[in-house]
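Assemble chain U onto chain Y, guided by the hints.
Now for the letters of each chain:
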Amino acid sequence: MTLLAGLAAAAALLLAAGFVLGRAAARRAGRDGLDLGTPVEHATFHTLHTASLAAPPLRAGLTEDTARKAARRLRPLLGTEALCLTDREAVLAWDGPGADHHREQVLQRVAELLRTGRGESLRSDCDQPDCPLRWAVITPLTGEDGVVGALVAYGSRESAVLVRAATEVARWVSVQLELAELDRSRTRLFEAEIRALRAQISPHFIFNSLAAIASFVRTDPERARDLLLEFADFTRYSFRRHGEFTQLADELRSIEQYLALAGARFGDRLRVTLQVAPEVLPVTLPFLCLQPLVENAVKHGLEDSRAVCRITIAARDAGAEAVVTIEDDGVGMDPAALRAILSGESAQASGVGLSNVDERLRQVYGDDHGLVAETGPGAGMKVTVRIPKYHAGVHRDPPLSGQV
Amino acid sequence: MNQTYAVAAVTAVTAATVLVGALGLRISRTTSDFYVASRSVRPGLNAAAISGEYLSAASFLGIAGLVLLQGPDMLWYPVGYTAGYLVLLVLVAAPLRRSGAYTLPDFAEARLESARVRRLASLFVVGIGWLYLLPQLQSAGLVLEILTGAPDWVGGCVVAVVVTGAVAAGGMRSITFVQAFQYWLKLTALLVPVFFLAAAWVGDGAPRVRLDAPAVFREHTSVRVAETVRVEVAAPLTVTATGRIDGAAHRGERVGLAPGPHTVEAGTLLGFPAGAPVPERAASGGDPLGWSQPLADGRDGRQLYATYGLILATFLGTMGLPHVAVRFYTSPNGRAARRTTLVVLGLVGVFYLLPPVYGALGRIYAPELALTGAVDAAVLVLPDRLLGGLAGDLLGALLAGGAFAAFLSTASGLTMSVAGVLTQDVLPARGVRHFRLATALAMAVPFAVSLVARNVPVADAVGLAFAVSASSFCPLLVLGIWWRRLTPPGAAAGLIAGGGAALTAVMATRAGAAPEGWAHTLMAWPAVWSVPLGFLTMAAVSLATPRRIPPGTPAVLARLHLPEDLAGPGAAVPPPRPTAAGRPTPRAAATGRTAAREAGP
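If you read the sequences in order, they're chains Y and U. Residue 3 in UniProt numbering sits at position 3 of the first sequence; the count goes up by one each step and never skips. Residue 371 in UniProt numbering sits at position 371 of the second sequence; the count goes up by one each step and never skips.
Errors might be hidden in some of the hints.
[Stated by the list, open to error] Calculated from the model, a selection of chain U residues having no Cβ within reach of chain Y, i.e. all distances over 10 Å:
| no. | residue |
| --- | --- |
| 1 | Y5 |
| 2 | A110 |
| 3 | G203 |
| 4 | V478 |
| 5 | W518 |
[Said to hold, decoys possible] In silico negatives: residues of chain Y with every beta carbon more than 10 Å from chain U:
| no. | residue |
| --- | --- |
| 6 | T38 |
| 7 | Q108 |
| 8 | S124 |
| 9 | E191 |
| 10 | V394 |
[Stated by the list, open to error] A few chain Y residues that face chain U, going by a derived Cβ cut-off under 8 Å, partial list only:
| no. | residue |
| --- | --- |
| 11 | H49 |
| 12 | A277 |
| 13 | E279 |
| 14 | L281 |
| 15 | P282 |
| 16 | P286 |
| 17 | D317 |
| 18 | A320 |
| 19 | N356 |
| 20 | K389 |
| 21 | Y390 |
Since the hints were made in silico from the structure, they are not lab data. Cβ coordinates follow ideal geometry from the N, Cα and C atoms, glycine included.
Next comes chain Y alone, as it looks inside the complex (with noise of 0.2 Å):
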């Protein structure tokens, strides 16, 4: 025991020597081996480090939250005695002296801003004499729609340096509150693209199931009255409005009436074999990401060719993931225009889905979660996706929420 117990302080102690050593070490390299530049460099490096700190809060958008967080970066850049972050109609972050005072005064002043639309510079009339915000500059953020709200520095005298100063601090944390709405204007679009998938899998693939179903009518009105609940199945699936996230077993089952439908439509020339291991059944995962990569395995397999096509769709578990893979023997693929699909440069009507199941696998698990395609002609393809069984901000909608 005591054997155990000092070898655990050895080990404790060793990991802080190697720490030390290591900062050491590169604390040296630092001094010795770099130059790091004039105090004018110095300065430029400092402000630079400081406004990029300054910066992450504000991609963000213009909230109670985020404003405290960049004031406290910005109020040092400035160097003024006090600094405050308002939307059109309240105070959002107030930092340093003075916010009980001076609140009432600065949404004057920036009611009269939104009239104007220019920022000014003008002594703030504190009749408290040890406040040291005597005067007080003025200027506007402005985002995509006109003026969003207002930055004022206060200092403790009239000061150019502090007007051009101010005026210089807005306009760049207007250009990032502007990015933070094209960071909006993405995530829109990315659901305008998931809402056109919907629409998109439909035309083509509901003639054909109908034309399908319809050669049945007559023949095997059981089998036909059969594909049509799995149509109307498979459509109520595809068309739901809400949520941007499934699970896996919903997804599954969609596409097995998805399959159901084409093996209707290309009778014995279609196989399918399925390993699906149970444990992995409850994951969520976007919705409607591996449908259209079997829509793509099946186009592949058989829309080109007239021998039979084997398709295998696999799900297993993998620790903290699950590993879902999708294979065809059929035409495949050029690997070079499968990298171009995937990259968005070329836009092949077959291609949309993949890239658009890539990207959104990417933004929503990051980016080494995309498609992992293995191709060439004449090989088949095989895409293999890897979800993670939790990963924050993924979870099935909220209760509640209304339904198709």
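Frame of chain Y, contents of chain U only:
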């Protein structure tokens, strides 16, 4: 005991585990019965898997050993191990599943939206996992030592290598089937011999167990003491001795031992007359065996305290065990998770009826184990003692196989959880190869420690892991699920204060650094003070930081507590089809086949 049978049984169990894990019941079908995709793991199967993973060496061997050593007070262990699932069922199971979290750190992140709390939680998962793995490896060593006479590190090494290999190679793919198989294997391995042993006991005239007094030798018995021990003799006792007692050498002559402590040196052969009480191993500050003693000598309220410590740790600790939490993810929804827990209660409850029987029989037929300290071996030696011959050998082999199933299942579950957390949160991310590295690391650390740390009764050692889990994850889960004002700083402070304190106390006890007396009792059974400490710190710091309540709290809590069925179609049940009853045959046929295959395991 016949080594060949035992080694064959252990090999068979190991091979079966690896094979079922690697090949599994491959579900591969053609389009006609594609419908299998919507068939999730049923509560019954999942419950068997949870039980299989949960019933470790502590349950299979440890409880019987402690009952042998200290009598019926130790029945609180099986009660606590089972009742933990009751608390889990009532407070945690369904909301935990609905949170969508796979591991406990996932839950921390989902509920508190904080990466820091997540990282902290993952450290505790690794700590608890290692604390739990350590006794598994040690008792594997003990079992193999008894069966084959191999050095005591060999068993741990076998388990470590098999488990690391299987997990790292991705061989635990059909883990649900493997673990369910292990549960039934363990239950069979304990249940079948019980009938034979009970028959032999009746045939022996059904001698009564004296549970309130020290065990006695039923007939003249010779005991070889493997390592130097201090024994406590209660009444004057005459033994024959070959070796050294209290420093004096003896050569097979009769020695009278006065009441009080005596030191028996390693290698001494003691012969006890029939009817002599078994001297107990004496507790001392540095002797880790001593910390299960407070339960036995209940003079100054320490027994009561230790009992409460045990009850709190086991009742509240089950929910925070990393390998148990991840299994709930397999349930398709909250209701299924709850039903699964209910079945687990039943399965685990049935299992725990058996070990005390072995303990009681061991007290009659193998009392000298209390003297040599190898009480965890009680289950294994009983068939040989009571039956002997071929029947004894075969039943002993069955029990050995069951014990190895216990090591393998729990160790593989724990290793997977710890390795998963190591890959995700501790080591930098580098894909699959990194998971293998993490697996090796997850097993290497407890294995290395098992070589230097001394053996303690396995049920006690596992109890320490429960104490840490009860002080860290129980507050996090219970407050996280039921209290909307929990904040990330509060959760972090609670984890550090409650879990950290328990972990420190446990480490100090295991390292033998704890002082004697009440301080020792407090540190050996930390749950009584560390669980409230965890809860209070978490609540107090949360109340002090009201501005840090995560903005998504109402939405998260709504998701945790509302059944999924309300969410929309397909969440829990397939959408109702008006004509389902009149549907044609292919689907019905498919379901039938599915059921037939499922009966396989």
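List, from low to high, the hint numbers that the structure doesn't satisfy. 2, 10, 11, 16 and 19
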